[in-house]
Amino acid sequence: MKMLIYPAVESERLEKIVEAARPMSVVNANGEEMALREIVDADAFFGKLTPPLLAAAGRLRWVQSPTASLEHYMFPALVDHPCRLTNMRGIYADVIADHVFGYIICFARNFPLYIRQQLRSHWEAAGGEAERSGFVLGPSSVSGMDRAHRHLPDSTLGIVGLGSIGSEIARRGLAFGMRVLAVDPQRQQAPDGVEALWRPDRLPDLLSASDFVVVAAPHTPETEKLFRRPLFQQMKPEAYFINIGRGMIVDLADLTEALQAGEIAGGGLDVFETEPLPPDHPLWTMDNVIITPHVAAATPRIAERHLGVLLDNVRRFAEGKAPRNLVDKAKWY
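To convert, note that position 172 of the sequence shown is 171 in numbering that gives the first Met the number 0; the numbers rise steadily by one, no gaps.
If you're looking for bench data, these hints aren't it; they were derived computationally from the structure. Keep in mind the model is a prediction, meaning the values are calculated, not measured. By construction, the Cβ of each residue, glycine as well, lies at the ideal position given by its N, Cα and C atoms. Any given hint might turn out to be false.
Label pairs and their in silico Cβ distance ranges [to be verified]:
#1 E128 <-> E194: 32 to 40 Å
#2 P184 <-> D153: 26 to 34 Å
#3 F74 <-> H121: 21 to 29 Å
#4 R131 <-> P199: 39 to 47 Å
#5 D204 <-> S120: 44 to 52 Å
#6 R228 <-> D279: 20 to 28 Å
#7 W122 <-> A302: 40 to 48 Å
#8 R58 <-> D279: 48 to 56 Å
#9 P81 <-> E221: 38 to 46 Å
#10 Q116 <-> E11: 47 to 55 Å
#11 R228 <-> D286: 19 to 27 Å
#12 A260 <-> R58: 36 to 44 Å
Based on the provided sequences and hints, a complete structural model is requested.
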């Protein structure tokens with residue numbers, strides 16, 4: 000058996016792949032011409048598979064994508080080909096969930112406002128200082144300042160997509176005492192603590208019930224431009240919208256208009272329909288928007304996790320075992 004890698008990987012990673020693949024041979028192609036020649040009799044492939052490479056393959060049985068997302072990887076001939084496709088899903092889940100709760104806590108505790116005030120040395124509580132309780136008797140009523148700060152156990156978290164990332168987000172929401180709802184097209188049973196797991200046709204119910212809506216779904220033909228103005232209008236005006244899924248799931252113009260119209264309270268956005276987000280885009284100057292530059296998955300642990308999935312699947316293939324992270328190619332996940 001033979002495995003082809005293209006583009007070529009560095010020597011340190013190659014040594015580990017070769018060791019995991021034994022007795023299968025490994026070819027590390029340093030150019031497209033070499034890759035086209037070597038894929039003819041390759042059984043396995045890791046890297047960027049292109050239509051010309053697949054057309055030249057004579058006995059390809061397994062392809063390992065180097066990424067979790069597949070919208071940029073899929074093409075019709077690959078969908079129709081009998082080879083198995085696996086991806087890197089699962090290695091980012093906890094890190095992205097932490098990023099989501101960075102947004103949630105910032106919004107719940109008014110951090111964007113306080114950061115702006117700090118830059119001009121201004122001391123003032125959200126909701127106003129007039130009703131701040133004294134230290135002698137304590138509070139006798141709920142003040143404007145109190146109301147301006149969210150109590151997470153009184154909040155509902157709605158998750159769109161309950162895969163590995165969505166499940167980690169749910170776990171953190173439960174740890175904060177939040178009520179958790181989710182929609183997912185595949186998953187049949189809700190994890191412990193998740194109040195409801197609905198099919199995608201119940202998305203409007205999730206939106207109308209949630210104080211924080213988090214998109215954790217992949218980009219597929221079904222989810223592309225899923226979030227348009229009518230869906231934002233079904234959210235509570237005091238609810239926040241968070242997208243760490245894929246930018247193409249959300250119509251950027253519609254989201255911008257919903258924010259400008261006050262139809263939702265704000266947004267925590269890591270991915271965008273257009274990346275980088277143009278410097279003159281209105282989102283940059285909105286006080287109720289937190290923009291991060293597609294970094295939700297960033298962590299010092301990512302390279303070792305990525306290699307771990309690859310080596311595990313190489314060993315499984317060499318030993319004739321079922322692969323990890325098998326993809327339904329027609330669905331892109």
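Range hint compliance [Cβ, D204 to S120, 44 to 52 Å]:
holds (45 Å)
Given a hinted range of 47 to 55 Å, is it respected by the beta-carbon distance of Q116 and E11?
holds (48 Å)
For the hint 39 to 47 Å, verify it against the beta carbon of R131 and that of P199.
At 45 Å between Cβs, range holds.
If you check the beta carbons of R228 and D286, does the distance land in 19 to 27 Å?
holds (21 Å)
Taking 21 to 29 Å as the hint, is the beta-carbon distance of F74 and H121 inside that range?
Since the Cβ atoms of F74 and H121 sit about 54 Å apart, the hinted range of 21 to 29 Å is violated.
Regarding A260 and R58, is the given constraint of 36 to 44 Å on their beta-carbon distance met?
At 57 Å between Cβs, range violated.
Range agreement (Cβ of A302 with Cβ of W122, hint 40 to 48 Å)
holds (44 Å)
CB of E128 to CB of E194, is that within 32 to 40 Å?
holds (37 Å)
Taking 48 to 56 Å as the hint, is the beta-carbon distance of R58 and D279 inside that range?
Since R58 and D279 have Cβ atoms about 51 Å apart, the given range 48 to 56 Å holds.
Quick check: does the Cβ-Cβ distance between P184 and D153 fall within 26 to 34 Å?
holds (30 Å)
Using the Cβ atoms, figure out if R228 sits within 20 to 28 Å of D279.
holds (22 Å)
Does 38 to 46 Å hold as the CB distance between P81 and E221, or does it fail?
violated (24 Å)
When the structure is compared with the earlier hints, violations turn up for hints 3, 9, 12 and for no others.
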